[in-house]
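There are 2 protein chains.
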Amino acid sequence: MEKYKNIVTNAAGRQVPTIINGEEHVPFMGVGKYRPTGRKYGPPIATCADYPDDGNKIVANLKEALIKSGLKDGMTISTHHHFRNGDLIANMVFDIAKELGVKDLRWFPSASFPCHEHLIPYLEDGTINRIEGSMNGPLGKFASEGKMKGLGVLRSHGGRYQAIQDGEVHIDIAVIAAPTADPFGNANGVNGDAACGLLGFALGDSQYADRVVVVTDNVVPFPAIPWQINGNYVDFVVKVDKVGIPEKIISGTTKITKSPDRLLIAEMTARFCEQAGLIYDGFSYQAGAGGTALSIGNYFGDILRKNGWKASFIRAGSNKYPVQMLEEGIVGYILDGQTFDLEGVRSMRENPNHVWTSPFTSYNYHGKGNFASMLDVVVLGATEVDLNFNANVVTHSDGYLLHGIGGWQNTLFAKTTILPIPLFRDRIPVIRDEVTTLCAPGEMIDVIVTERGIAINPLRTDLIEKTKNSGLPLKTIQQLKDEAEEICGVPEKAQLSDEIIAVIKWVDGTVIDSVRKVIN
Amino acid sequence: MEKYKNIVTNAAGRQVPTIINGEEHVPFMGVGKYRPTGRKYGPPIATCADYPDDGNKIVANLKEALIKSGLKDGMTISTHHHFRNGDLIANMVFDIAKELGVKDLRWFPSASFPCHEHLIPYLEDGTINRIEGSMNGPLGKFASEGKMKGLGVLRSHGGRYQAIQDGEVHIDIAVIAAPTADPFGNANGVNGDAACGLLGFALGDSQYADRVVVVTDNVVPFPAIPWQINGNYVDFVVKVDKVGIPEKIISGTTKITKSPDRLLIAEMTARFCEQAGLIYDGFSYQAGAGGTALSIGNYFGDILRKNGWKASFIRAGSNKYPVQMLEEGIVGYILDGQTFDLEGVRSMRENPNHVWTSPFTSYNYHGKGNFASMLDVVVLGATEVDLNFNANVVTHSDGYLLHGIGGWQNTLFAKTTILPIPLFRDRIPVIRDEVTTLCAPGEMIDVIVTERGIAINPLRTDLIEKTKNSGLPLKTIQQLKDEAEEICGVPEKAQLSDEIIAVIKWVDGTVIDSVRKVIN
Chain V
1 MEKYKNIVTN AAGRQVPTII NGEEHVPFMG VGKYRPTGRK YGPPIATCAD
51 YPDDGNKIVA NLKEALIKSG LKDGMTISTH HHFRNGDLIA NMVFDIAKEL
101 GVKDLRWFPS ASFPCHEHLI PYLEDGTINR IEGSMNGPLG KFASEGKMKG
151 LGVLRSHGGR YQAIQDGEVH IDIAVIAAPT ADPFGNANGV NGDAACGLLG
201 FALGDSQYAD RVVVVTDNVV PFPAIPWQIN GNYVDFVVKV DKVGIPEKII
251 SGTTKITKSP DRLLIAEMTA RFCEQAGLIY DGFSYQAGAG GTALSIGNYF
301 GDILRKNGWK ASFIRAGSNK YPVQMLEEGI VGYILDGQTF DLEGVRSMRE
351 NPNHVWTSPF TSYNYHGKGN FASMLDVVVL GATEVDLNFN ANVVTHSDGY
401 LLHGIGGWQN TLFAKTTILP IPLFRDRIPV IRDEVTTLCA PGEMIDVIVT
451 ERGIAINPLR TDLIEKTKNS GLPLKTIQQL KDEAEEICGV PEKAQLSDEI
501 IAVIKWVDGT VIDSVRKVIN
Chain Z
1001 MEKYKNIVTN AAGRQVPTII NGEEHVPFMG VGKYRPTGRK YGPPIATCAD
1051 YPDDGNKIVA NLKEALIKSG LKDGMTISTH HHFRNGDLIA NMVFDIAKEL
1101 GVKDLRWFPS ASFPCHEHLI PYLEDGTINR IEGSMNGPLG KFASEGKMKG
1151 LGVLRSHGGR YQAIQDGEVH IDIAVIAAPT ADPFGNANGV NGDAACGLLG
1201 FALGDSQYAD RVVVVTDNVV PFPAIPWQIN GNYVDFVVKV DKVGIPEKII
1251 SGTTKITKSP DRLLIAEMTA RFCEQAGLIY DGFSYQAGAG GTALSIGNYF
1301 GDILRKNGWK ASFIRAGSNK YPVQMLEEGI VGYILDGQTF DLEGVRSMRE
1351 NPNHVWTSPF TSYNYHGKGN FASMLDVVVL GATEVDLNFN ANVVTHSDGY
1401 LLHGIGGWQN TLFAKTTILP IPLFRDRIPV IRDEVTTLCA PGEMIDVIVT
1451 ERGIAINPLR TDLIEKTKNS GLPLKTIQQL KDEAEEICGV PEKAQLSDEI
1501 IAVIKWVDGT VIDSVRKVIN
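Heads up: the protein sequence lines correspond to chains V and Z, in order.
What the first sequence shows, in this note's numbering, is residues 1 to 520, in sequence order.
What the second sequence shows, in this note's numbering, is residues 1001 to 1520, in sequence order.
Using 16 Å as the maximum straight-line C-alpha spacing, the simulated EDC-like pairs for lysine to aspartate or glutamate come out as follows: (1) V:Lys306 - V:Asp281; (2) V:Lys149 - V:Glu499; (3) V:Lys415 - V:Glu274; (4) Z:Lys1415 - V:Asp53; (5) Z:Lys1149 - Z:Asp1073; (6) V:Lys466 - V:Glu274; (7) Z:Lys1033 - V:Asp50; (8) V:Lys149 - V:Glu124; (9) V:Lys72 - V:Asp210; (10) V:Lys141 - V:Glu117; (11) V:Lys33 - Z:Asp1050; (12) V:Lys415 - Z:Asp1053; (13) Z:Lys1415 - V:Asp54; (14) V:Lys63 - V:Asp95; (15) Z:Lys1005 - Z:Asp1498; (16) Z:Lys1310 - Z:Glu1327; (17) Z:Lys1098 - Z:Glu1124; (18) V:Lys415 - Z:Asp1054.
It should be emphasised that the hints constitute simulated quantities derived from the structure, not laboratory data.
From a predicted model like this one, the values you see are computed outputs, not experimental measurements.
So that you can see chain V by itself, here it is in the shape it has in the complex (with noise of 0.2 Å):
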């Protein structure tokens, strides 16, 4: 099998297969302008008859489970990043395959991580043929250098839901890891040694997987309440030692930022909000986990408790500082898709405000609506921003594939997304002619934050229009970029061959850019 062919130029002008790994895929169209016509996937019907009636689905480890399961060449199988670079599970399973001689699978997490190090060896043999989801660090680097045997194809969090739900990825085993859960399969993540928060990512994937094998380190009586996941769902249940490491579960990003460059960038970013008018009783906003952001929220906490407002709700990746606003009462909800601390685990599992939610309720592009769209602000951070504010989140200026999407595709859909970067990282400049990799179309993107200026997209004439009297240093985007090139010199295009090694989704399952391999 191609790993690609019938190369195209889509709708953003990007090269892309629409042949990939032996499947059709759909060329970027434009921002909503692809319209599914299909129906969402069916997986087999089940039966009770099947399931014990004593509700025990416990097998003796994750080897029988998977062999049960009907573990084979060329299955997918699914694992969750809900342990981060503590998981344990991912390996496990691959380890078992290994041991079992199965060949050409095609790993579907919802990311990767440096622990999975652990799993180039199964790249190189064929154990797995492909990583369809991120690839951070090792994993990418192994791939930018066109060592993995099938094409990568990365999908934000609720691209993945929808390729999922729309039957464009058929999971064969989903392997979710819960720090609880019952005989029945009913699990959380909110109680246990392992508690981080929610399992949300794995949610799609016990709604339409083949066969759904829970492990866990903490088996608990039926009921396990909260039921985050159905063990309706659920065909296994398998009791490991240990199901991730608690002292990595937790990011390491959650320490507001100490920079003086980049406290100056949140202060700006939360000085441009307040002065465009976006902060308001009863505003929405969400911003990541990372030491900047953190600090924009911080910065917003002020401005809400200066005019004596509330804000509706934060969209997180909750930490302990949305935390402490929801607990002092200037945020109603946290709706959370991924706990960052171990304050956020304790919020989650007491406070009913502090509410659970998925890529499905969040995310998904193929839905009813989704949360998204509905925020007042999205901070986010980017690789590369080009002259059109086209971004990059993906790979780094020397082409090198280094991050997942996550969630950040879904929260440009936000009434006001701000990218607050820095003008350079180690004397790069962030601001390009052109990114090395799309990822959001410009039109997504609404207004730039550096520590030299602020850019905001023409296209947001209402922004401009608010902010003119503000005094805050607006510039054009140009502006920016030649401050930063007066700096650091133009910088040299990265070495790519031709050679595609991934592809971009994306919310809508389309191809929007596909990622090079490095010369090197």
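Given the structure of chain V, go ahead and fit chain Z onto it with the hints provided.
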């Protein structure tokens, strides 16, 4: 279209049609014998491009919502009985259909109540072709007299979910009446003037219907928490003045019986369970909201207290009695499908251990297990039982179809099913040579408890063994029948025509029996 054709004898020896309202159905093959082979129904893939970015799906009124949903001749419209006899919305839907001149609709309620007598003119004039769902009271009488144009199809709560999930019933428009909703369509039953507890009967409809309309009298700002119905499945939201009549929402049956005979039956049932060793530390049970069942629950509570035991969970229909047990700490959880009084609603709103469930989690036989089979004891009513322990819950001995199946068939999968029933009602014996309508094969019924003795199904040799020296008034079912007939005389058989007016589905979607037209 013929209402039915192709009569065959099914595995229970009953005559049933295999072509019903023009569609093919499978005759009952025995418990656990029918194996589904297909795939779950896949509803059309939606796209956020068709839904408002700000999440506001409110339209002017229900008529506009139905027109926008494409209401037309022959469609299937579903509604739900969360408000029981206080429902206002189903009548409103068909008033609009009549006004618009739409004909031949299939009404697919989760249950109908006497308040829906209002719809009889629409059944007569062809606005509604037929009801697929329970036909309590006046609608049952109407159908029993052969007046409904199409054939009635009765399903259990679990069977209704199964039929939707499997694509056996394709819902064009689901209208979900909700005590609280936000403009996005997130909805719940725990808040608002018409708070009824939960909306679980509408879950399958929301997941699988082409169009979903939420109707509420309490629109709250996004997000309506908890979201028992996900707005991501909802097309339109409608605000009405009153979504249900609160005083009729709550069942009138939640009073402990004062009848000496029924109290005796309740006490004997509890004593039987105790003597047979069915009650233990960690046991689970389900009892309905009728006076006898409530009384049995209280006796169970006494037994738990006496022994210092704690029940692991109650499956309910909740009301103040199970809630008291939960709050007292002699029960771990209430897994609730339907609240029957305001104490149940309050507890569900406040207590995380009072959990809302759905026919999917509790009852769907075409899932990977369900909760019903995990129960130790279920206590149910019946209109008739025969000498082979076959039971009827839908027709009276005069042949009139006056009750729905509800969760009755589904809960029969509990480890022990007990029917506490009076030996006769209005001097008509309850134990018959043959049931008028077969709703459950005798192998599913373990024990009959009457005021004059207890009959154990001979299949349950374990129960017979355990209670043989208990001092309980154990008799054969023949003995009980003879005693009743000594008092009341031998009952006449119902005068029934050969004409079939409805069929009864088993939990797996097969046809277990036919209901005949009454000759009067």
